[in-house]
Amino acid sequence: MSAPTTVVSTLEHVGIRRAIGVPDSQLATVLDAISERMPVTFTAREDVAVAMAIGAELVGERHAVFMKNAGLGTSLDAIVSLAFGADVPLTLVIGWAGAGTDTLPHHTVMGRRTLPLLTVVGIEHDIVHQNDADDSRYRTRAAACRTEGRPYALLVEP
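Under this note's numbering, the first residue of the sequence shown is numbered 5, with each subsequent residue one higher.
In case anyone wonders, no lab produced these hints; they're calculated from the structure. Any given hint might turn out to be false.
So the derived label-pair ranges between C-beta atoms look like this [what the hints assert, rightly or not]: (1) HIS17 x PRO109: 34 to 42 Å; (2) LEU108 x THR144: 14 to 22 Å; (3) GLY59 x VAL124: 24 to 32 Å.
Ideal Cβ placement from N, Cα and C applies to all residues, glycine included.
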């Protein structure tokens, strides 16, 4: 199963019907697949996307937030204060620049630190590989995090 199919399947499984975030070339195929299934809204900053998604969640609408991993730093205060602070579920789709074959120096700095950062902050996460045979583990974990009011991230490999 392709990464775009895996991501869309996971989002739809947990009832997400809209995506919002900062566009990223590494997520282009994923964003194309998402936009075929649900409305997509682009923002200028990742923290704005997080705040809008949390606000939507509070009125009963489920949004996913997409960003490049460099945007994770920009959005951490909003994630910690809004999602963790109020036990509001938040599903993130993060393009993992600086991983795998992506060796651009300005990508590898954040690429090496993305997994430790997600772990330290307490954001449950899974790595979506480009050709995963089974996406049930993502759906199961996303649903559990949603039920428990915790953030969950799908980290998409380049």
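Hints, verified against the model:
1. The hinted window of 34 to 42 Å between HIS17 and PRO109 holds, with their beta carbons roughly 37 Å apart.
2. A hinted range of 14 to 22 Å is violated for the C-beta pair LEU108 and THR144, which are about 34 Å apart.
3. Take GLY59 and VAL124: their Cβ atoms lie about 26 Å apart, and the range 24 to 32 Å holds.
The structure does not agree with numbered hint 2 stated previously, though it agrees with all others.
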